[in-house]
Amino acid sequence: MLKINNLHVKLEDEDKQILKGLTLEVPAGEVHAIMGPNGSGKSTLSYVLSGRDGYEVTDGSATLDGESLLDMEPEERAAAGLFLAFQYPVEIPGVGNMTFLRTAVNAQRKARGEAELTAGEFLKVVRAKAAELQISPDMLKRPVNVGFSGGEKKRNEILQMAMLEPRMCIMDETDSGLDVDAMRLVSEGVNALRSEGRSFLVITHYQRLLNHIKPDVVHIMSNGRIIKSGGPELALEVEENGYGDLLAEAG
Amino acid sequence: MTDITDLDVREGVDRETVETVQNMGSYKYGWNTEIEMDYAPKGVNEDIVRLISKKNQEPEWMTEWRLEAYRRWVTMTEPKWAMLNYPEIDYQDQYYYARPKSMEEKPKSLDDVDPKLLATYDKLGIPLREQMILAGVEGAEDAPAEGRRVAVDAVFDSVSLGTTFKDELAKAGVIFCSISEAIREHPELVRKYLGSVVPQSDNYFATLNSAVFSDGSFVYIPPGVKCPMELSTYFRINAENTGQFERTLIIADKGAHVSYLEGCTAPKRDTTQLHAAVVELVILEDAEIKYSTVQNWFPGDENGKGGIYNFVTKRADCRGDRAKVMWTQVETGSAITWKYPSCILRGNESQGEFYSIAIANNWQQADTGTKMIHLGKNTRSRIVSKGISAGQAQNTYRGLVTMHPRATNSRNYTQCDSLLIGDKCGAHTVPYIEVKNSSSRVEHEATTSKVDDDQLFYCRSRGMDEEEAVALVVNGFCREVLQALPMEFAMEAQALVAISLEGSVG
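Chains W and A, in that order, are what the protein sequence lines are.
Okay, so the first sequence: first residue is 20 according to this note's numbering, each after it adds one.
Okay, so the second sequence: first residue is 26 according to this note's numbering, each after it adds one.
So that you can see chain A by itself, here it is in the shape it has in the complex (with noise of 0.2 angstroms):
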């Protein structure tokens, strides 16, 4: 493939990234980059993992750790639960670990980076400076920044390029790096915290990317600091046949703040592409997470051909009294998408929120949702899920909420909205509801609606067209999730929820 889009060179992300998207047709991060990669042999085994473990230069004791869920792995089977339908997953035909070549030797200047790899950072939005960094241009921490200020760590195939502010964050005592890094360089966090919310054995899922992970981000805040930038990570599958495993440990000591963003593309490819991560967030008292998600992952064509297989286990404990999480999702990429980001309400008066938007077009498929489990007193939950469905895609919201005998005076809150478009689509919506105490409360409002055509007809009476108008109801319908989305994650969101959806009208 060598259609590579010819974007100009953006110094902001912001507004331009909006109008790039805008501006697309159908799915804007569909190019490939060519660049030499290491491969390991396609399959996975003892060696494989023994390998990526090698190859990450971990300690013995990770070593184990990876081979332990493994053997785990070989035991179980694929969870098929799920309102999901596709091909047998053929999980010795994947490659498990890439990698650019050009990262080898660390480059002295951006002459020496792979100009395809520079390319692949601009058409992501990512401003210069942090391109030199990522790259691993030695002392690019020192030019001058070009106003936004988000830390980014990016992942291209398995592997971190590398993290962006990461002295100033040292600064305020902050941590981001990462997951390989921070095996090396911060044993003892990683040691007590890996794992300790999603166990190895937790699922097929998560057990194979515990055995396989090849890289991911790690953040640690200490007691107290309020993380003084957003920081986010950019995923990105590039080689073909590539599974994409990336672990990500967020630890918020007591009292600790932290806002992190997620983005995930890949290029377009006929073949399916398998992504398995694992997102364990350890939140202690008084502690707060805001962790978003903006997933584009490559839906497949039309005809439902290629696109990316998504499974993917996220859960938050909130371990310490008054520990707070909220996650906010906006999926509107991926050809199967299988993730439930939950939240374990461990400590009393602790918070759990859940905003979700998932939008499901031409032949996707989406089971979404997420588990609201109350251990503490006084505990509070809120679930916030809209899902869109259009073309011939099905769309289900699964979620359990549980209040355990003795998490009393806990209360939940779920709101469940499907809206459809056309009338070869399907939106689901399955609640598992268990309440062990007599003092809790739970609340759960579902409404299923199609596009109103007098609401399309009143913005076109207006000069929208079609599918501006459709974007236009879409986001209204989707305004309570997308308001929670951080400013600029917002406007790309919204820019997205049009995309995702063009020609699903008419």
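In isolation and in its complexed conformation, chain W is listed as follows (with noise of 0.2 angstroms):
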């Protein structure tokens, strides 16, 4: 599914190099974490893969099922399947909530040659899904994440990736200002998501949201590269022990 090879990034603005090397490969319906302590570059890597501004890619390669993500434009890799839950969601005052998932929808359906939905079809399928996250009606009209709570933003994020049925979700520090219940909601969103199709990139910075979301491999990356990689039981031993250890043995 997705395969990063070597990969290489600098700020645009600035001679300062992020991701150093990264290699790191997630087969289809796989969840993979990824911890490590502040700086060490995991936003930087989300926000490379699905296309933002502001950095260069000096070497290496990501692809998509073979397809070089790094050549696309932020929303051809998002009708190719790729998602990413943001850190921050952002606000988007005067666009319903409602409109901006129906147009998110209808473009990836156009991109890839498919029939729009109608405004009935969509609503029908939209309010089952919302359901499901205990998203009420009232948000679904509001402004996009305008005045939404943490947890409300974070929810809102999952109810898009179940919109639009990614193959790829990239979850970048989900659990981020959750409360237990929050994060219950949201990892329970997860994990209906989870099939032999699909796959997760999990980045994050604590343990707890991998006792509600079962990752199969675990990484540990550290100033922009992965130092170590292993099972569930890696994540145990970060929480134990902090990243000292880790880092002294890669050096």
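Think of the hints as simulated: they come from the structure by calculation, not from any bench.
For glycine and all other residues, C-beta sits at the position ideal for the given N, C-alpha and C.
One or more hints might be untrue.
Computed footprint of chain A on chain W, listed as stretches where at least three residues anywhere in the stretch have a Cβ under 8 angstroms from a Cβ of chain A [said to hold, decoys possible]:
no.: 1; segment: 81-95
no.: 2; segment: 98-106
no.: 3; segment: 125-132
Using C-beta positions, here's what the derived DEER-type ranges look like [stated by the list, open to error]:
no.: 4; chain 1: A; residue 1: 79; chain 2: W; residue 2: 134; range: 55 to 63 angstroms
no.: 5; chain 1: W; residue 1: 213; chain 2: A; residue 2: 468; range: 47 to 55 angstroms
no.: 6; chain 1: A; residue 1: 449; chain 2: W; residue 2: 161; range: 53 to 61 angstroms
Both chains come to you apart, so use the hints to assemble them.
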């Protein structure tokens, strides 16, 4: 599914290298977690994969099912099946949540040469999925993320994920700012989406999210590279001992 | 110019107009119709004024009224205080009167109508039955209707081509006709109200209009009548080097209600074209007028060549107590826009509202806003202005709120937001506030922001392309104003917002 090979990325405006030869593979149907200390380049990775401006790829590659992501516009990556759940979902005043979702869904359908959903068809699907995430009809009508609580914003990201049905989901610190109940709701939403054809890359600081969303593989990232990969027990180890030993081990 | 874009004949306007608008590249209405025209000679003088009056078969008093305005106009100078930059206008290099030749005799059926004229209506999205009526086909009023119930008056260059639903409106006592017809058929109303809101001497452009206006719409709603359908006028400038000077007069008598829509288009041309209109609204006790405009005159090309110079005077006079007026405008077209729809709140407890979206892209310049003149006690006004600038455009909000000494306990709320796309455009806000009593309150809020890269990236990461993302964010920015528009207009306006901003990013 997602293959990242020797990826080198620097900031466009300054001479600062963030990713320094990152290699990672997420096979179809698997959930991989990336953990690492602050400043290790985790969020940069998610932005570079989804095509945000401000970064320059100096070497390496990233492909989704063999297609190079780095040559595509952000919307093309989305249509190809990539989705980023934002750490800080963006507010768009005046644009109804429902309008936003429908525009997004239909833009992707159009890009893939599929028929656009009518208002009626769309409404039926979105209502059912919103109910599962305990998103009220009122929240669907309100402007995108405006005045949403932290938990509401993150649930809204998962609703978008559920509506867009991506193959490759990247979640950037989706657990930050969530209370216990919200974390459970979000995790249930994600778990419901797990399937053979869909992969997840879960970026997090804390092990607790991984209690809810059980990863197949855990990667430790530091200084722009993956320094160690292992099973779920690796996350527990970090929780217990911090990153110190792992960093020292990696030299 | 022969590159007429072919569009399918459409049955209804609403949805399909929107889709067509969405599917067209840049300026949708940029075709021109080659129709044999009857022109008056170029330039303006007393003879031309007399000729226009004669062509419209006007009575003596009307001719005199025009001449008085003309004599005044020659003593006036063009105002230059607006933040607009344009070359000197040669007023003698314009045609002041043009009329399709085929209108001289009434056609018997659609077969007798100049097919090019019908093609024009098609492209404007006017339903077939209404096309027949507009083309003046006898008996067309009895043909079956096609769903949408909006009475239309179409003005093609200088001439009103006809009005639909006239009989049905007449049953309700509503008069909706061209102003030239009103001058002939309802002189008592026209004499009483014409120039009573915007006097002949009001300003340079209004005075010129008073002298040479060739047509426009007239509406009278009798006391206590709620107009049974929305009324609309479609203006189109077609002939080259032709100025369009239409005049609209709407009177809502005591307790009457009416919603009026106005749409405007013009062909793409290299040369600039002049448009100087006057709209007067008279609102008596407990009456209400809602006036909505979608102005989509040709804005000039991406290099700033051509386009309409739009100098418009619009004013509403709330003459009676509790009278109410609401101006809503979506200004996306024109190379130059000079327009300040205003409210005179004369009656006690009268209310004025102004909702505006002004989009300036490429080399467009817009200087637009409103005047709220509070004269009566307990009067209320509300201004919501959304200005969007892109490309090299300059967009100015200019507004006046004045509270006179006897306008006690009155209120105004003004919200003025500007959005910038790119780094070569400008947004300016010029509010004038005068308060001459101590019990009134005026609030003014203004913001200026840039289209946010994070918002665009967020939209794009969900699959929208860049232009779709900009259109969505800008439509969100304009939402309060779009909501003030009648439903079908709101849809068209949303699509127009997207079109007007094409090429503004990237």
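Does the beta carbon distance between residue 79 of chain A and residue 134 of chain W stay inside 55 to 63 angstroms, or does it fall outside?
59 angstroms, holds
Outcome of range test on Cβ distance (residue 449 of chain A, residue 161 of chain W; 53 to 61 angstroms)
Violated, since residue 449 of chain A and residue 161 of chain W (Cβ atoms, about 35 angstroms apart) do not stay within the stated range.
Report holds or violated for chain A covering the segment 125-132 of chain W, Cβ cut-off 8 angstroms, minimum 3 residues.
Check passed, 3 qualifying residues.
Just to make sure I understand the rule, a stretch counts as covered if three or more of its residues have a C-beta closer than 8 angstroms to a C-beta of the chain. Does the segment 81-95 of chain W meet that for chain A?
It holds, with 3 qualifying residues against the three required.
Kindly confirm whether 47 to 55 angstroms is satisfied by the beta carbon distance between residue 213 of chain W and residue 468 of chain A.
53 angstroms Cβ-Cβ, so the 47 to 55 angstroms window holds.
Taking 8 angstroms as the C-beta cutoff, is the stated coverage of the segment 98-106 of chain W by chain A satisfied by three or more residues?
holds (count 4)
Of the hints listed earlier, the one the structure fails to meet is number 6.
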